[in-house]
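Colleague: Spelled out, the chains give:
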Amino acid sequence: MKLSYIKPRRKTIFTKDALLLLLFFSVTISMLIGTYASLIYRDQKFSDDKAMILKQKEELELATVKAQKDSADIEKKRLFFEQISTKNSLMSDSIQNLFDLVPSSITLSEARLLEKGLVLYGHTPSKDVYNFMLAAPLHAIFHRTYTSFYPIENGWYSFVSTNHLDDENSITEEPDEE
Amino acid sequence: MSLVSLFYAKIYINIVVSKEITTIYVEMKAGKGKVITQIETFDGVEINRLMTNFIDSFTRESPNVFVSILDYSFDQGAIASCSASAIRSQVGNVASVCYENRWSFYTASKNIETLKKRYESIGVDFIFSPFAMLAQFFKDKIETESAIFILVQEASQTIMIFGESKLLYAQHIDTQDSRNETLLIDTIQIDDEIMLNIDEGEQEQGLDNFADIEDLDIGGSINEFASNTKIASKESAAVGHATLIPSGMNYQRFTMIQNALDIFYKNANYESIFIETAYLADATATASELQNYLEEEMFMTVFVRKIDILKTLCDFAKAEK
Numbered sequence: 001m002k003l004s005y006i007k008p009r010r011k012t013i014f015t016k017d018a019l020l021l022l023l024f025f026s027v028t029i030s031m032l033i034g035t036y037a038s039l040i041y042r043d044q045k046f047s048d049d050k051a052m053i054l055k056q057k058e059e060l061e062l063a064t065v066k067a068q069k070d071s072a073d074i075e076k077k078r079l080f081f082e083q084i085s086t087k088n089s090l091m092s093d094s095i096q097n098l099f100d101l102v103p104s105s106i107t108l109s110e111a112r113l114l115e116k117g118l119v120l121y122g123h124t125p126s127k128d129v130y131n132f133m134l135a136a137p138l139h140a141i142f143h144r145t146y147t148s149f150y151p152i153e154n155g156w157y158s159f160v161s162t163n164h165l166d167d168e169n170s171i172t173e174e175p176d177e178e
Numbered sequence: 001m002s003l004v005s006l007f008y009a010k011i012y013i014n015i016v017v018s019k020e021i022t023t024i025y026v027e028m029k030a031g032k033g034k035v036i037t038q039i040e041t042f043d044g045v046e047i048n049r050l051m052t053n054f055i056d057s058f059t060r061e062s063p064n065v066f067v068s069i070l071d072y073s074f075d076q077g078a079i080a081s082c083s084a085s086a087i088r089s090q091v092g093n094v095a096s097v098c099y100e101n102r103w104s105f106y107t108a109s110k111n112i113e114t115l116k117k118r119y120e121s122i123g124v125d126f127i128f129s130p131f132a133m134l135a136q137f138f139k140d141k142i143e144t145e146s147a148i149f150i151l152v153q154e155a156s157q158t159i160m161i162f163g164e165s166k167l168l169y170a171q172h173i174d175t176q177d178s179r180n181e182t183l184l185i186d187t188i189q190i191d192d193e194i195m196l197n198i199d200e201g202e203q204e205q206g207l208d209n210f211a212d213i214e215d216l217d218i219g220g221s222i223n224e225f226a227s228n229t230k231i232a233s234k235e236s237a238a239v240g241h242a243t244l245i246p247s248g249m250n251y252q253r254f255t256m257i258q259n260a261l262d263i264f265y266k267n268a269n270y271e272s273i274f275i276e277t278a279y280l281a282d283a284t285a286t287a288s289e290l291q292n293y294l295e296e297e298m299f300m301t302v303f304v305r306k307i308d309i310l311k312t313l314c315d316f317a318k319a320e321k
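Which chain is which? The protein sequence lines are A and B, in order.
For the first sequence, my numbering begins at 1 and goes up steadily by one.
For the second sequence, my numbering begins at 1 and goes up steadily by one.
Honestly, I wouldn't trust all of these hints.
List time: in silico DSS-like cross-link candidates among lysine-lysine, alpha-carbon distance up to 30 Å [what the hints assert, rightly or not]:
(1) A:7 / B:266
(2) B:318 / B:117
(3) B:311 / A:2
(4) B:311 / B:10
(5) A:11 / B:29
(6) A:7 / B:10
(7) A:2 / B:117
(8) B:139 / A:7
(9) A:7 / B:311
(10) B:116 / A:2
(11) A:16 / B:266
(12) A:77 / A:87
(13) B:34 / A:2
(14) A:7 / B:117
(15) A:7 / B:306
(16) B:32 / A:11
(17) B:141 / B:318
(18) A:7 / B:32
(19) B:311 / A:11
(20) B:266 / A:2
(21) B:318 / A:7
(22) A:2 / B:139
(23) A:16 / B:116
(24) A:11 / B:110
I should point out that these hints are in silico values taken from the structure, not numbers from a laboratory.
Can you make the complete structure from the sequences, with help from the hints?
Modeller: Written out as structure tokens, the structure reads:
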């Protein structure tokens, strides 16, 4: 039954002590949540950094492999170049030597340098001149030497000299002279 | 059950002001049905530091506190209507509560604000009326008997007259009020004069019918209609007044009741019936003297019940929803 002139005040569970306690716990929980969130953020950031570094590492490894491959190619090319250069040098020397070998009385019209051989075309006043002045050095250089002579109008002979170098392991055969 | 009640114990703080003393009764419902009670009396009517400290010692323990005050203001009353317009037309701007759709008790709106302001530091939840308290206390009698019901407090008395459960008259009297003291003195003088007149009149023509009561009740001699043989004893009682008046608060109370009955009988605004039974709710533990006055002076049948105002106030607060 309502017998009071006024209505009671609204009651709240939030007393001063309760509010203080609530504030304390709120601050504590907020700090804990903040710390936890910070740790999660840092952990996430660390994971992201780690993933990025791993990716960079993989890229660097790939780049290293590619660089090594390129380096190997370049080395190979260098070696090839050196080989060619050496061969060219050798060939130049050989040609120089060849021309040094040819006496002034014999005229060369053509020279073909083969991988392991030399074919010379030219004119000689006589077979003997050729045999004494050119055939002897050629025999000294090549393993096998074949020479063909063809008489020409002025009394000279055209010759074709085919010279071969054998492999080191192959059986050396004595060249047949005509 | 509210959320607050789940977590905190209910504390009822009940304040009753009488004379220059404030009594505070605290009832706290602890766990497992245990009830802790404490009562303290403080000097002064205004709330002071001691009272605040006493109340704070409980309010610190729980926010579920209900502060109840018994309205002790002078300008309060009751009216036999629940109609707001009727109340407004008869007593002006007041705060009122309808009691069981039969009658209303009221107090001046400013009294509510004054009490709220006075107890601002502790807050007020309920303001109860002594009329409601008296009606609840004698509820069983009000429904069955036509009688005068009086709540006797140290500094005031609340008077209600019911006839066949209908409120006929109500008055709250501040026994500390100097106006009432003046009225009391005047009444005593009139009483003596009228007593003399009555004595003369009786010798001349006697009083033997009910119609004569209106001539008699001015001086508080209303009992005389009951029997002509009582007149002689009335005379001796009137002599007795002289010795009782100066010394007793209870005689002052008795005179005030007498005055109230005078008004009730005389004023045409009230539906008068003859009252021969009085029920006293005694909060002072000294009402036996008042009972004697009523029985001997007014030849009333008087019943006295002890009332613990503070506990009753507490019960009111508990019953409020």
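Colleague: Look at each hint and say if it fits the structure.
Modeller: The hints, checked one at a time:
| no. | hint | result |
| --- | --- | --- |
| 1 | A:7 / B:266 | violated, 39 Å |
| 2 | B:318 / B:117 | holds, 23 Å |
| 3 | B:311 / A:2 | holds, 17 Å |
| 4 | B:311 / B:10 | holds, 15 Å |
| 5 | A:11 / B:29 | holds, 16 Å |
| 6 | A:7 / B:10 | holds, 17 Å |
| 7 | A:2 / B:117 | holds, 22 Å |
| 8 | B:139 / A:7 | holds, 24 Å |
| 9 | A:7 / B:311 | holds, 20 Å |
| 10 | B:116 / A:2 | holds, 19 Å |
| 11 | A:16 / B:266 | violated, 59 Å |
| 12 | A:77 / A:87 | holds, 15 Å |
| 13 | B:34 / A:2 | holds, 26 Å |
| 14 | A:7 / B:117 | holds, 15 Å |
| 15 | A:7 / B:306 | holds, 29 Å |
| 16 | B:32 / A:11 | holds, 22 Å |
| 17 | B:141 / B:318 | holds, 23 Å |
| 18 | A:7 / B:32 | holds, 28 Å |
| 19 | B:311 / A:11 | holds, 23 Å |
| 20 | B:266 / A:2 | violated, 34 Å |
| 21 | B:318 / A:7 | holds, 13 Å |
| 22 | A:2 / B:139 | holds, 16 Å |
| 23 | A:16 / B:116 | holds, 22 Å |
| 24 | A:11 / B:110 | holds, 25 Å |
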